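Heads up, the sequence shown is in UniProt numbering, so the first residue is 1 and it goes up one at a time.
When the alpha-carbon atoms are kept at most 20 angstroms apart in a straight line, the in silico EDC-like pairs for lysine to aspartate or glutamate are as follows:
id, residue 1, residue 2
1, Lys81, Asp24
2, Lys88, Asp54
3, Lys36, Glu95
4, Lys81, Glu58
5, Lys36, Glu48
Per label pair, the in silico range of CB-to-CB distance:
id, residue 1, residue 2, range
6, Arg57, Leu16, 35 to 45 angstroms
7, Phe82, Asn22, 18 to 28 angstroms
8, Asn104, Val9, 48 to 58 angstroms
Honestly, the hints are just simulated from the structure, not real lab data.
Predicted, not measured: the structure shown is a model, and the values here were computed from it.
Every residue gets a Cβ at the ideal spot worked out from N, C-alpha and C, and that includes glycine.
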Amino acid sequence: MASDTTPTVHPELLRLRDSIDNIDAALIHLLAERFKCTQQVGRLKATEKLPPADPAREGRQIARLRQLAEAAKLDPDFAEKFLAFIVKEVIRHHEAIASETQGNKT
1 MASDTTPTVH
11 PELLRLRDSI
21 DNIDAALIHL
31 LAERFKCTQQ
41 VGRLKATEKL
51 PPADPAREGR
61 QIARLRQLAE
71 AAKLDPDFAE
81 KFLAFIVKEV
91 IRHHEAIASE
101 TQGNKT
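Using the sequences and the accompanying hints, generate a full structural model.
Following this line, the structure appears as structure tokens:
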């Protein structure tokens, strides 16, 4: 029969993991709020017959986010990839909203 050999976890490691869990929860809530805003943008774009993507705006956002990342001592390349992932999903949502809006007008 095996004895219980579960190692004791260092209290500092537990504290740091708790902090990470809290930050992860905050990130999810912030992303949810961001997507609520982008859904509204998507509906407005669809109503105004604007394209789902706005490359000029995206370029400004990338430059701004890279500066913020540098100031926060975060890898700007990572920040740009993270934003690109989010923007791709936002555009997908905007395309779906535009399609639904066009479908409702026929």
